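Residue numbers (this note's numbering), protein chains in the order written: chain B, 158 to 463; chain D, 2 to 303.
Since the hints were made in silico from the structure, they are not lab data. Note that the structure is predicted; figures quoted are calculated from it, not measured.
Which residues of chain B face chain D? A few of them, derived with a C-beta cut under 8 angstroms, are:
| no. | residue |
| --- | --- |
| 1 | Tyr-168 |
| 2 | Ile-175 |
| 3 | Leu-176 |
| 4 | Ile-183 |
| 5 | Leu-296 |
| 6 | Ile-298 |
| 7 | Pro-299 |
| 8 | Phe-301 |
| 9 | Trp-302 |
| 10 | Leu-305 |
| 11 | Ile-308 |
| 12 | Val-313 |
| 13 | Asn-400 |
| 14 | Val-403 |
Label pairs and their in silico Cβ distance ranges:
| no. | chain 1 | residue 1 | chain 2 | residue 2 | range |
| --- | --- | --- | --- | --- | --- |
| 15 | D | Gly-40 | B | Val-163 | 48 to 56 angstroms |
| 16 | D | Pro-261 | B | Ser-358 | 50 to 58 angstroms |
| 17 | B | Lys-289 | D | Pro-54 | 33 to 41 angstroms |
| 18 | B | Pro-271 | D | Leu-66 | 41 to 49 angstroms |
| 19 | D | Arg-260 | B | Tyr-360 | 50 to 58 angstroms |
C-beta: ideal position from N, C-alpha, C; glycine also.
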Amino acid sequence: MARFIVRRILYSFVTLFILSATIFLIVRLTGDPVALMAEASARPEDLERIRHQWGLDRSWPVQYVTFMQNALQGELGKSFNYRLPVSQLYFQRLPNSLTLGLAATLISLLIGIPAGIISAVKVNTAWDNVAKGIALLGLSIPGFWLGLVLILIFSVWLRWLPTSGAGDWRHVVMPAVALGWYFAASMLRLTRSSMLEVLGSEYIKLARLKGLPDFVVIAMHAFKNALIPVFTLAGVNMVVMVNAAVIIEVIFAWPGIGRLLYEGIFQRDFPLVQGVVIMAGFMIIAINLVVDILYAFIDPRIRLAR
Amino acid sequence: MATIPADPRLAVGRAAPGWLGMLIKAAREAPLAPLVILGGLVLMALLADLIAPYDPTVPVKGAELFRPPFWMEGGSVATPLGTDFQSRDILSRLIYGARVSLIVGLMGTLVAGSIGTALGILAGYVGGWADQIIMRLTDAWLALPAIVFAIFLAAMFGPSMWNIIVILGSVYWTRYARVIRGEVLTLREREFVKLAEIAGASKLRVIKKHILPNVMNTATVLASLTVGVVIIAEASLSFLGVGVPPPQPAWGLMLSEARPTLMTGQWWLTVFPGACILLIVLATQLFGDWLRVRLDPQQRNL
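For reference, chain B alone in the conformation it holds in the complex:
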């Protein structure tokens, strides 16, 4: 067990290293930020001074090592544009992204789990087909277009919900649906296949043979076990949603990290972009590590596999 955990942690660091080095390299391959930072009237000496001030005159490996040393101490560099530490900007926006991610996770669970259970219990009936239809639409409707259509219906025509910004719960509804919709489909598919697997197992057959009513078998026996993978996926999905909501946050002017990234990209704010992207990678690597270790505890086959 200890060996498994150590190896997984080691792998996670390797992954983080490859990812951060790749991002770091790409950011530096694509142009000189100093020219954009300085005023148009700046002389070459001025540019040189700025370059030195931001540490951009040092070699890439040196810059990378400095960056990673600081990053491991929770410091992601300083934003060109805001002249503030990236970590400060990031953690200011993070709570908003967490709120949105959590709301979207709830939406995806509220759609995915009931629909998945119904389609598994009533497999190959009209209900099942409706659920399959929902799953198909979840993958086919572009989330950002769904967001636009929701604005059109609920803000412009019905005037029920505000179009953008953050405030009370009414601001969260539409972005959460637009973001969670796609993930609801994956929840649905997993709930369905997981329920089908459990419903076909011996202990469910035994429970049925004992004469337990259908409802008890499904709700008390099957549901509990089928939901372990579903909630695991929900956790992973939530972390992904927190980090991948760029377009939704742009459409709804939601002040989260996605929009911070978007703004950073258009202002060529290298340290900001680099910081946000690497933090996204860090979070997802961390959640995957946690899930792997938890599963190794639950299921010995995993830790003995290699």
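Given chain B, work out where chain D should sit, using these hints.
Same frame as chain B, but now just chain D:
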């Protein structure tokens, strides 16, 4: 290079239904709806120059801005789906937009599939260090949400259709690499591969003659599922202004141009391009589902 002569009895048995018979059988079992939609869209894209009523990049002469679709008040049959903020014909832009979506969808998938399949085979068959390096690279790629990675790359390398194809291809290859590596690991232990190795076939030859043909089905199924994802990703990038640059008619770009008019009631500018994306992705998904069942019997009950 000795090739094993085909057993004539087998040949007879296989050819019995004839090409025509096979064709009829395939047509009978094919998923009609998605094929009709996809066929229609492909035709639309190919024949855009002939069927589009106007040039999609210049204003329609004599048409006002934001003319509504023909069935609404102020609409005109001359521009059946209305005009946009530069009084360009929406229908023509949608027709040409199919071209962008299909080209990016297919080429992006091809790039992703080629990278992923090559790396998957390399990792699975060569093993050792190659396997370690490729799998850690795959992990690193999977650690970023694909769309964030794509936005990041597109913003760094600048907007153009060919850039987008390469970028989406270099983001979406990971699934191929993982799945195909897994398949190659079992293929590697199979008798016919072992025998080919014992017979002295080079690694390259084993890969070309024995491994690649056996993973092509899986790669095709994955490809059918990637096309839709890539099309939505392209639309997202174009929407954010880091994809296909204006004045090209891309559906995502049209949605982006429609944004300022969302609040002022010009709903057709938002609804039509999105509906087109939905339609094309839905059709590829349905086709992909059918293909998966056809090519991969193990997944039939999923």
